[in-house]
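So the sequences go chain by chain: A and B.
The first sequence finishes on residue 269 if you use the numbering used here, and the numbering steps up by one all the way, no holes.
The second sequence finishes on residue 1072 if you use the numbering used here, and the numbering steps up by one all the way, no holes.
Derived by calculation from the structure, the hints in this document are not laboratory data.
Backbone N, C-alpha and C define an ideal beta-carbon position, used for all residues, glycine too.
Treat each hint with caution, since some may be false.
[Stated by the list, open to error] Computed beta-carbon distance windows for the label pairs:
no., chain 1, residue 1, chain 2, residue 2, range
1, A, G169, B, D1050, 54 to 64 Å
2, B, P1053, A, P4, 33 to 43 Å
3, B, A1061, A, S19, 28 to 38 Å
4, A, L29, B, P1053, 13 to 23 Å
5, A, A37, B, G1057, 46 to 56 Å
[Said to hold, decoys possible] Here are a few chain A residues that face chain B, going by a calculated C-beta distance under 8 Å:
no., residue
6, C18
7, V119
8, A121
9, A124
10, R158
11, V173
12, D194
13, R229
14, R230
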Amino acid sequence: MTPPDLCAALIAARDALCSSRELLRGDELAALDAVLAPRSGTRARAPDRLATWLVSFAGEGRTDPVALADALAVAARLLAARRAGDTGHDALAALLLAIGELGAGAGAHPVPLSLGAPVLAALAAEAAGATHRVRPGRDGEQLAVPAVPLLARLAVSRQLTLAVGAAVGFPVVPTRMASYLVDLPGSMVAPHIDRDGWPLTAHLVLAHEPGVGRGSPLLVFDAGRPRPRRVRIRVGQTVVIRARGTLHGWGRLGGDELRTMTAIGFAPL
Amino acid sequence: MRCQATIRRLVRAGVLTAAAVAGVVATMSHAAAAPYPPGPTAVEEVDALDADPGDVGAVLAAGKRTPLQPCL
């Protein structure tokens, strides 16, 4: 008998996957159906045991682990969006622990790298030039522009690779994927895990006009906390997110707020 | 705990010496505490990016065929 909060979150995720563009690879529904099957219930109640039970569906070929992680992330996002105190926290914690295990670890870490003013200015200028012609997408979503020469150079640079490795605590290699991201006034990035192929994502903030408020923070969900950690990243600072194992998002920008940053991919060596 | 008891029995039986056990423990403690990597532990100020041109070309090419955004 699966705990009602967790069961409800999984069913809500299934509904969301059925009714929207959230169907990603086609295997997510099968993953949730396996977990929700009548015979697959669990008597476990503690979040860590529930997480172990969830992760067990990825073993022995029962479901695709990538699809399972994506589906659990939808459930976690829907549960995290509820604001009813601590209700459902054990279920959310179980989902976050399971996502962390499927994604080989969770966390967001400051990257010990400081770009000199000329390099930072050149990147900001390149980003401004590359993104100014891009039109907003649907629903004011985050804009993305593929890497151009200087960003491409940063993405595979020895210095950033070493610094990202130092931040996460193990050696990494660039995935050779990078883009500039622009967050428009009033937009937000809902909690999510990054798509398959982005296990470690480095964000360097290049420009941020916070407007009258404190500015949109990075939101990092942690199984040990009822609410997400709010991390403010200043211009010139870089953070690396263990992005397949960490539910994360960006808070809503103010009406006069604008931010440009990088997304640069790395993977464990 | 079971492992410690076994090691104590082996030391008492003379199969292992206490010095050897202490050496192994010291090595393991050092490995666990060793920082990664030997390079930058403090913030490194970078004025010129050191990258292989072939890798840079691969990033530029990848942008034309893979999803741009990491978030779903």
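Consistency of the hints with the structure:
1. A:G169 / B:D1050: 54 to 64 Å: violated, 22 Å
2. B:P1053 / A:P4: 33 to 43 Å: violated, 57 Å
3. B:A1061 / A:S19: 28 to 38 Å: The hinted range 28 to 38 Å holds for B:A1061 and A:S19, with Cβ atoms some 37 Å apart.
4. A:L29 / B:P1053: 13 to 23 Å: With a Cβ separation near 44 Å, A:L29 and B:P1053 fall outside 13 to 23 Å, so the hint is violated.
5. A:A37 / B:G1057: 46 to 56 Å: Check passed, 48 Å falls within 46 to 56 Å.
6. C18: Hint violated; A:C18 Cβ to chain B Cβ min 16 Å, cut 8 Å.
7. V119: holds, 6 Å
8. A121: Status violated, d = 12 Å.
9. A124: violated, 15 Å
10. R158: holds, 4 Å
11. V173: violated, 10 Å
12. D194: Cβ of A:D194 sits 4 Å from chain B, so the hint holds.
13. R229: For A:R229, the interface hint is violated, since the closest Cβ of chain B sits about 18 Å away, which is over 8 Å.
14. R230: violated, 18 Å
The structure shown violates the earlier hints numbered 1, 2, 4, 6, 8, 9, 11, 13, 14.
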